[in-house]
Every structure is written in structure tokens, then in C-alpha cells.
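**Q** One letter stands for each residue in the lines below.
2 protein chains.
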Amino acid sequence: MTRVKFLVAAGLASFLCNCSGATSTQGDAEKLMQTSREWSKAAATGDTDAVLGYFDDGAVMISEGQPPVRGKQAIREYLAGTSKIPGFKIEWEPREAKVSGDMGYLIEQTRLTMTGPEGAPVTREFQAVTVWRKHKDGTWKNVVDMSTSAAPTAP
Amino acid sequence: MTRVKFLVAAGLASFLCNCSGATSTQGDAEKLMQTSREWSKAAATGDTDAVLGYFDDGAVMISEGQPPVRGKQAIREYLAGTSKIPGFKIEWEPREAKVSGDMGYLIEQTRLTMTGPEGAPVTREFQAVTVWRKHKDGTWKNVVDMSTSAAPTAP
Chain R
1 MTRVKFLVAA
11 GLASFLCNCS
21 GATSTQGDAE
31 KLMQTSREWS
41 KAAATGDTDA
51 VLGYFDDGAV
61 MISEGQPPVR
71 GKQAIREYLA
81 GTSKIPGFKI
91 EWEPREAKVS
101 GDMGYLIEQT
111 RLTMTGPEGA
121 PVTREFQAVT
131 VWRKHKDGTW
141 KNVVDMSTSA
151 APTAP
Chain E
1 MTRVKFLVAA
11 GLASFLCNCS
21 GATSTQGDAE
31 KLMQTSREWS
41 KAAATGDTDA
51 VLGYFDDGAV
61 MISEGQPPVR
71 GKQAIREYLA
81 GTSKIPGFKI
91 EWEPREAKVS
101 GDMGYLIEQT
111 RLTMTGPEGA
121 PVTREFQAVT
131 VWRKHKDGTW
141 KNVVDMSTSA
151 APTAP
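Same order as they appear, the protein sequences are chains R and E.
Letter by letter, the first sequence follows residues 1 to 155 in this note's numbering.
Letter by letter, the second sequence follows residues 1 to 155 in this note's numbering.
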């Protein structure tokens, strides 16, 4: 193969790789960060269908001291349950994103608020890792949503 | 471009994609499961250097109620600390693996044992998600190691 033909083929290879979403890009990481921010906004509205739309069909939620919640239907029921908790509010902020091919993950900080036993809002901080798959339409869907208590903050 | 040239180029594209580890394979997922099992065995021996060898230089450990431990040196110090805990033993078993390109994740079940206040071993169960990057030499290195308490088991 001549050098020119090799370069053409290598360029085509690179193009095909991009088409299948197999190349890691900073743009994908930024898109994942933005998806997380939009998801947090959807969660703040309490719109279960909107929140659910960010999950992959086979997603699993793993939370502290709870059995894993597997699949979109189980997650729907879980979200319906949280929406009935007095004063329930959840919001989060992505801190970093890494992407390779059609998989990526985020490290996030999450804040959960509920009405406490004395009627005042009680807020707890969590640290989260979420894993994502890029679907063929270019959207990122959450496949693993895992959280655990953050370290106690200094008083 | 003739059809033959296109097929040759597409074949080369596929070959190049495989070379860069950009193709998701069941083999990679199984290799990741096996890496996790070997890592657990290394942890059982208490050999800090062996355990540390599974971490990527930029790895982060996220544990319940603790600040994240970032980077191999900080993780080394963390592991040295756990090795001094009386009766400390950690072991885990991977339950499922997914891979895309040079990124993958595992869902694992972890068992931590320490000597309790009354001198008898106390065991706690955790659920873990670990994220991995495939290095150029084909080895998988851990980039995120996150755990949280499992659900209490029925008495």
C-alpha cells in the first residue's frame, strides 16, 4: 500500500470511529456535564416522566443501605415514592466527567432535603458516581446511579 | 472509490479500531471480572504494593461518610492505615461488568471484617461500583472505586 493510500485509509478509519461514537472527546465530557445539570433541573420540578427519561431501560440505582433498584419500571415506582416524602427535594452538580467510546462517568455532589421530625427542612450531602451510555441518537442515558453520604462538614 | 477499495479501507478501519481498544467485547468484560477477582485475592494477602498496582495513577476512592481519596500516593497512605486496623480484612466479588472502548465498570459485593469492640470479628456488607480504564498494554486499571453500605439482611 502506498503512503498516500495508507493515509486515506487511516483518515477513513478515524472517520468511521467517530461515526460509531468510539472516540473519546472533551466535547462528549462537556455534553455529559450539561446532561447532568439538566437532569438536576428536571428533578427539581418533580416531573417524574422527565426525570425518568434520563435513565437507560436497564439502569440500576444503588443507594446507601438500600437494595439496588433495577430497571426503569422499578425506578419509576421508587421516584413515585420519594415524591410523597414531605419536603423532598434533590439537586446535584457534576464535578468531573470522563468519556471513552459510548461510555462515560460523572462524579457529582448531591444535596437531599426533607422535612425533619420537627417540621424544619433537613439537608444531607451525598457524593455520587453516575455511569452513562451514549445511545445511537447521540443522547446520554444513565446506566448506574450510585450515591453515598459525603464526609461530615466542619461545624 | 471502488467498492473493493472501500471494503479494504473499512476492514482496515475495523482493524485500527480493535488495535486502539475501541471495540466493546464480551471478552473485555470477562477480563474485567477476572481482574477484580485477582485484585480481591491480592487484597486478602495484605500486600499493599500488589493492591496499589491495580489503581490508575489518577484513581479516586469514594467511601461512605469519608472525603474522596485522590491519586495513588494518597491511596497508598489510606491502605497503609487500613492495614493497621485490628483484624482488618476486605474481599469482594464482581457481579456484573460492562465495557465500551477502553472504559468499563463493575458492580461488586464487598465484605469488610474488623475486630469488634468485644474482640470478636465484625463483618459488614457493602455494594460497590468500580470504573476502569484499559491501558495501552491491555491491562485494566481502576479509576473510580466507590462503595456504600448494602441493605441490611433479614435476621
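Among the hints, erroneous ones may be present.
Put simply, identical chains are the same to the list, so a pair is met inside one copy or across any two.
Said to hold, decoys possible - Taking lysine-lysine pairs in the BS3-like style, the calculated list, with each CA pair at most 25 Å apart, reads:
1. 134 / 41
2. 72 / 31
3. 98 / 141
4. 98 / 136
5. 134 / 89
6. 84 / 134
7. 84 / 136
8. 89 / 72
9. 41 / 72
10. 31 / 134
11. 72 / 134
12. 98 / 134
13. 136 / 89
14. 98 / 31
15. 136 / 72
What the hints contain is simulated information worked out from the structure, not anything from laboratory work.
**Q** What are the numbers of the hints the structure violates, in ascending order?
**A** Hints 5, 6, 7, 13 not satisfied by this model.
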